[in-house]
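Undergrad: Start counting the sequence shown at 1; every next residue gets the next number (the UniProt record's numbering).
These are calculated hints, taken from the structure and not from any lab test.
Mixed in with the good hints there might be a few duds.
As the list claims (entries may be wrong) - In the DSS-like style, the derived pairs of lysine-lysine whose C-alpha atoms are separated by at most 27 Å in a straight line are:
id, residue 1, residue 2
1, K116, K291
2, K317, K179
3, K179, K76
4, K76, K239
5, K76, K116
6, K313, K116
7, K353, K295
8, K317, K235
9, K291, K340
10, K313, K295
11, K340, K313
12, K239, K295
13, K295, K179
14, K317, K116
Stated by the list, open to error - Label-pair distances were calculated between CB atoms; the ranges are:
id, residue 1, residue 2, range
15, K116, Q232, 32 to 38 Å
16, Q41, K353, 33 to 39 Å
17, K239, N324, 30 to 36 Å
18, E351, P229, 36 to 42 Å
19, Q41, N248, 39 to 45 Å
20, L268, L152, 20 to 26 Å
21, A290, N158, 40 to 46 Å
22, D89, N344, 20 to 26 Å
C-beta atoms are modelled at their ideal positions from N, C-alpha and C, and glycine is treated no differently.
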Amino acid sequence: MVFMIIIRFCVFPTIIAFLQFVWFMNYFFVKTLDFIFPGKQPRVVRTPEERFDDLEAVGYTFRPNYVELPIGAGKKLPRLHYVDEGPRDGRETILCLHGEPSWSFLYRHMIHMFAKAGYRVIAPDFIGFGKSDKYTQPDSYTHDMHTMTLRLLLDYLNLRRITLVCQDWGGPIGLTVVKDSPHLFSRIVVMNTGLPVAYEPATIANDFMYITPFLLWRSIAQVFGTYLPIRQLFKFALKGSVPSEVLNGYCAPFPTSVYKAGAKAWPLLIPVISNTPFSSEMYETREFLAKAWTKEALILFADGDKITAGWKKTFLKVLPNAVNKTVVGAGHFLQEDKGKEVANHIISFIEEKM
Numbered sequence: 001m002v003f004m005i006i007i008r009f010c011v012f013p014t015i016i017a018f019l020q021f022v023w024f025m026n027y028f029f030v031k032t033l034d035f036i037f038p039g040k041q042p043r044v045v046r047t048p049e050e051r052f053d054d055l056e057a058v059g060y061t062f063r064p065n066y067v068e069l070p071i072g073a074g075k076k077l078p079r080l081h082y083v084d085e086g087p088r089d090g091r092e093t094i095l096c097l098h099g100e101p102s103w104s105f106l107y108r109h110m111i112h113m114f115a116k117a118g119y120r121v122i123a124p125d126f127i128g129f130g131k132s133d134k135y136t137q138p139d140s141y142t143h144d145m146h147t148m149t150l151r152l153l154l155d156y157l158n159l160r161r162i163t164l165v166c167q168d169w170g171g172p173i174g175l176t177v178v179k180d181s182p183h184l185f186s187r188i189v190v191m192n193t194g195l196p197v198a199y200e201p202a203t204i205a206n207d208f209m210y211i212t213p214f215l216l217w218r219s220i221a222q223v224f225g226t227y228l229p230i231r232q233l234f235k236f237a238l239k240g241s242v243p244s245e246v247l248n249g250y251c252a253p254f255p256t257s258v259y260k261a262g263a264k265a266w267p268l269l270i271p272v273i274s275n276t277p278f279s280s281e282m283y284e285t286r287e288f289l290a291k292a293w294t295k296e297a298l299i300l301f302a303d304g305d306k307i308t309a310g311w312k313k314t315f316l317k318v319l320p321n322a323v324n325k326t327v328v329g330a331g332h333f334l335q336e337d338k339g340k341e342v343a344n345h346i347i348s349f350i351e352e353k354m
């Protein structure tokens with residue numbers, strides 16, 4: 001315990017401060033070069049389909065579905081990819097939302113199990129990830145853009161009786177939509193996610209133990225930017241020995257740095273101290289869950305996730321009647337580490353066997 005306190009109060013802040021200095025110098029250098037040697041790149045790029053050719057061998061066997069959605073500025077509408085498996089007239093629909101820097105590939109084992117159990121499963125790739133189109137400028141990615149994307153998809157598919165399953169950034173996006181359209185949802189499952197708000201100077205000391213791992217990750221994403229090492233990130237975050245073919249699956253959407261603007265942008269949306277519109281949205285979502293959400297909820301966090309561990313207590317507070325389960329032996333990407341176990345928990349929860 002003492003060792004962890006030293007790490008989180010001394011070592012992590014020192015590393016974060018150094019990374020912030022590196023980021024500032026890099027930002028200044030890059031902006032100077034851009035001014036002297038202005039370049040031009042397309043506003044939207046699309047990952048070549050052949051990048052995904054070998055994924056059936058590791059369980060990603062789903063037929064692709066695409067829809068062009070009226071989001072963002074520009075003449076060309078970005079194309080969104082989503083998985084749609086299981087019976088169209090299934091008992092209910094399970095909506096699986098990924099986060100940073102993953103895509104629907106993360107849910108592949110769970111999708112098979114949900115569909116086999118008789119549920120329709122929808123798993124979109126957010127714009128900037130997976131098989132969906134990708135803006136090349138980080139400032140094109142906002143919380144409003146992602147939530148609008150999800151709203152338009154739900155409307156396009158005319159979905160009702162939805163069980164939301166969300167992890168990482170799928171939480172802030174999915175739960176915002178639940179707040180705004182609660183009639184569409186039957187229940188929620190929150191996994192290794194959070195509803196981050198701006199930290200006030202008076203309370204930040206109490207939360208410092210919990211927020212330093214995420215601030216470290218935020219600083220790493222800020223420094224690496226569009227050169228974020230996706231393979232190394234998953235190799236570090238996943239538990240046990242991960243086959244190269246699986247790592248290839250997570251890297252497939254990003255053939256070059258041009259495709260990683262979305263992965264760069266997401267961590268930087270999190271407020272630290274200064275308040276932001278996103279922070280206000282998260283406050284409202286917390287209030288909605290605490291005061292207005294009366295339907296079922298499952299809190300499903302892994303024991304080995306250090307990034308979001310501190311946010312579990314937030315969900316326990318705002319959802320006091322939720323079923324609370326811990327997935328042992330899994331890390332941040334619990335869908336990959338313990339996908340079958342997680343799917344079984346969710347099926348049991350839906351069928352009220354918990």
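Undergrad: Now, for every hint given, state plainly whether the structure supports it.
TA: Hints, verified against the model:
1. Distance hint between K116 and K291 is unfulfilled; the C-alpha atoms sit about 35 Å from each other, more than 27 Å.
2. With a C-alpha separation of about 17 Å, the suggested pairing of K317 with K179 holds against the 27 Å cut-off.
3. Of the pairs offered as hints, the one joining K179 and K76 is violated, with about 30 Å between alpha carbons and a cut-off of 27 Å exceeded.
4. Between the alpha carbons of K76 and K239 the distance comes to roughly 40 Å, so the proposed pair goes past 27 Å and is violated.
5. Proposed proximity of K76 and K116 is contradicted: the alpha carbons are some 37 Å apart, above 27 Å.
6. Between the alpha carbons of K313 and K116 the distance comes to roughly 33 Å, so the proposed pair goes past 27 Å and is violated.
7. Distance hint between K353 and K295 is fulfilled; the C-alpha atoms sit about 16 Å from each other, no more than 27 Å.
8. Note on K317 and K235: the hinted pairing is violated, with a Cα-Cα distance of about 33 Å set against a maximum of 27 Å.
9. For the proposed pair K291 and K340, the alpha carbon gap of about 33 Å is over 27 Å, so the pair is violated.
10. Under the criterion of a C-alpha separation no larger than 27 Å, the hint pairing K313 with K295 is consistent with the structure, at around 19 Å.
11. The straight-line distance between the Cα atoms of K340 and K313 is roughly 25 Å, inside the 27 Å bound, and the hint therefore holds.
12. Restraint check for K239 and K295: not satisfied, since their Cα atoms lie roughly 33 Å apart, outside the 27 Å limit.
13. Pair hint K295 plus K179 holds up; C-alpha atoms about 12 Å apart against a cutoff of 27 Å.
14. Proposed proximity of K317 and K116 is contradicted: the alpha carbons are some 34 Å apart, above 27 Å.
15. Taken as a hint, the range 32 to 38 Å holds for the pair K116 and Q232, whose Cβ atoms sit roughly 34 Å apart.
16. Between Q41 and K353 the C-beta distance comes to about 52 Å, which lies outside the given range of 33 to 39 Å.
17. For the pair K239 and N324, the beta carbons lie near 21 Å from each other, so the given range of 30 to 36 Å is not met.
18. Range check, E351 to P229: about 41 Å between beta-carbon atoms, so the 36 to 42 Å window is met.
19. Against the hinted window of 39 to 45 Å, the Cβ-Cβ separation of Q41 and N248 comes to about 25 Å, which falls outside the hint.
20. One distance hint, 20 to 26 Å for the beta-carbon pair L268 and L152, holds here, with the actual separation near 24 Å.
21. For A290 and N158, the hinted distance range of 40 to 46 Å is not satisfied, since their beta carbons lie about 30 Å from each other.
22. For D89 paired with N344, a C-beta distance near 24 Å keeps the hint of 20 to 26 Å intact.
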